[in-house]
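Can you build the whole structure from these sequences, using the hints too?
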Amino acid sequence: MKVDWLEKALAPLVGRDETLLLVLQVFLVVLGVVVANFILRRVLARLEARTLQTSTPWDNALVSAARQPLTVVAWVLGLSFAARIVEAGTEATVFEIIDPVRIIGVIACIAWFLVRFIGNIQNAIVAQRLARGESIDRTTVDAIGKLLRISVLITAALVGLQSLGFSISGVLAFGGIGGIAVGFAAKDLLANFFGGLMVYLDRPFAVGDWIRSPDKDIEGTVEEIGWRLTRIRTFDKRPLYVPNGIFAQIAVENPSRMSNRRIKEIVGVRYDDVGKLAAITDDIKAMLRAHPEIDQQQTMIVNFDQFSASSLDILVYTFTRTTVWVAYHEIKQDVLLKIAEIVARHGAEIAFPTRTLHMTGSRNPLPPKHPPTPR
Numbered sequence: 001m002k003v004d005w006l007e008k009a010l011a012p013l014v015g016r017d018e019t020l021l022l023v024l025q026v027f028l029v030v031l032g033v034v035v036a037n038f039i040l041r042r043v044l045a046r047l048e049a050r051t052l053q054t055s056t057p058w059d060n061a062l063v064s065a066a067r068q069p070l071t072v073v074a075w076v077l078g079l080s081f082a083a084r085i086v087e088a089g090t091e092a093t094v095f096e097i098i099d100p101v102r103i104i105g106v107i108a109c110i111a112w113f114l115v116r117f118i119g120n121i122q123n124a125i126v127a128q129r130l131a132r133g134e135s136i137d138r139t140t141v142d143a144i145g146k147l148l149r150i151s152v153l154i155t156a157a158l159v160g161l162q163s164l165g166f167s168i169s170g171v172l173a174f175g176g177i178g179g180i181a182v183g184f185a186a187k188d189l190l191a192n193f194f195g196g197l198m199v200y201l202d203r204p205f206a207v208g209d210w211i212r213s214p215d216k217d218i219e220g221t222v223e224e225i226g227w228r229l230t231r232i233r234t235f236d237k238r239p240l241y242v243p244n245g246i247f248a249q250i251a252v253e254n255p256s257r258m259s260n261r262r263i264k265e266i267v268g269v270r271y272d273d274v275g276k277l278a279a280i281t282d283d284i285k286a287m288l289r290a291h292p293e294i295d296q297q298q299t300m301i302v303n304f305d306q307f308s309a310s311s312l313d314i315l316v317y318t319f320t321r322t323t324v325w326v327a328y329h330e331i332k333q334d335v336l337l338k339i340a341e342i343v344a345r346h347g348a349e350i351a352f353p354t355r356t357l358h359m360t361g362s363r364n365p366l367p368p369k370h371p372p373t374p375r
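In my numbering, the protein residues as written are 1 to 375.
The set of hints was computed from the structure by calculation and includes no laboratory data. From a predicted model like this one, the values you see are computed outputs, not experimental measurements. Possibly wrong hints are sitting among the right ones.
To be verified - Straight-line distance between alpha carbons at most 35 Å, and here's what the computed DSBU-like set of lysine-lysine pairs gives:
| hint | residue 1 | residue 2 |
| --- | --- | --- |
| 1 | LYS264 | LYS146 |
| 2 | LYS264 | LYS332 |
| 3 | LYS237 | LYS264 |
| 4 | LYS276 | LYS264 |
| 5 | LYS338 | LYS264 |
Put into C-alpha cells, the structure is as follows:
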C-alpha cells in the first residue's frame, strides 16, 4: 500500500532526508490515531449518555460494547498503516505479516464486540425484568448467552483461518477425525459438558434452588451451573462441586418447587385411655380444620392407626400452606402443642415405652406399688 501523497506533501519540508521523512510520516500517522481515538471516545460518551435516557436496552448495550473494540481497531489500522510506511522505506521481509495481522486483529475486534454486546443484552434483560417485578429464569438466559458467545468465537476462528489461506473444509475434516480421538481421551469432560447442556435444557433445577439426591450425598442450594461443574452450597456453608455428568446418572429432588410441606406424626396414648381415643381424634381433626396455616385442600388424616407395644397410635397427616422451612417448623410446633393440650384435656396421657413383668411362683414377690413410709 503506497502512501505517495503523504510523501509528496512532506517532501518540501524535509528536503531529501529520507530518514527524517520516514520518521515524520510515522509520527503523523500515530498522531492521527491518537486524535481519532480522542474524538471517537467523546462521540461514544455522548451517545451513551443519550442511550441511558431511552427505555430500550439495545442501544445502550450496543454503544457500551463498541467502545473498547473500536479503540483497538483504530490502533490496529493505524499501526498497520505506519508499518507499511516503514516497509516502503526499508523493504524488509518481516513486514510481510502486516496484512495477516491486520485482518486477524479486525476479526478479533469484531468477535470481541459481539461477545460484549451479547453479555450486555443478557444483563440488561435480567435487570429490566427484575425492575418490573417479573420472574425470569436466570439459568435459561445464561445458557442462551453462553451458546451465542461460543458460536461467535467458533465463527470468528473459522473466518480467521480462511483469511489466512487455510481451507475450512480441510479444517472441519481434520476436526472430525481429531474429534474422535479427543472424544476417547476426554470422555468424562464431554460427559460433563453434555450433562450441563441437559441441565440447561431440561431445567430440573435453577440457581437458588434447594436440591438433594437419594443416590448420592448431595444436598444444598445451587449457586452456579457451569459447563463442567455445578457449585452447591451445603447447609453447613461448605461449597460442593458436582460434575454435571453425575446428574444424568442419579435422581435429583427439588424441594424448592414443592407446593406444600407435610406434617406426619404418630401420637401415642396409653392403653388405659382406650375409651377416650375417639374423642381425642375428633378434637385433633377439628383443631386442624380450624387452623389458619393448614391447607384444607390437601389430604388430612387423623385416625387411630395401630396397636403398638406401649401405646395406641394416632396418625396425624396434614399439609401446611407455607413451604418456608423456618415458618413450617413454627406451625408444626404449634400443632403438636395443641395436640398435647387436647390429650391432657381429655384426662389422657402421652404414652412412653413401658414393660410389665409378671412373675409366677417366685419366692420373692414384687415390691408393693407404694413402699411403706419409714418410721
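Hint-by-hint comparison with the structure:
1. Using a Cα cut-off of 35 Å, the hinted pair LYS264 and LYS146 is violated, with the two alpha carbons roughly 44 Å apart.
2. Simply put, LYS264 and LYS332 have alpha-carbon atoms about 10 Å apart, close enough for the 35 Å limit, and the pair holds.
3. As the CA atoms of LYS237 and LYS264 are separated by approximately 28 Å, the hinted pair is consistent with the 35 Å bound.
4. With a C-alpha separation of about 22 Å, the suggested pair LYS276 and LYS264 falls inside the 35 Å cut-off, and the hint holds.
5. Taking the CA atoms of LYS338 and LYS264, the gap is about 15 Å. The hint holds against a cut of 35 Å.
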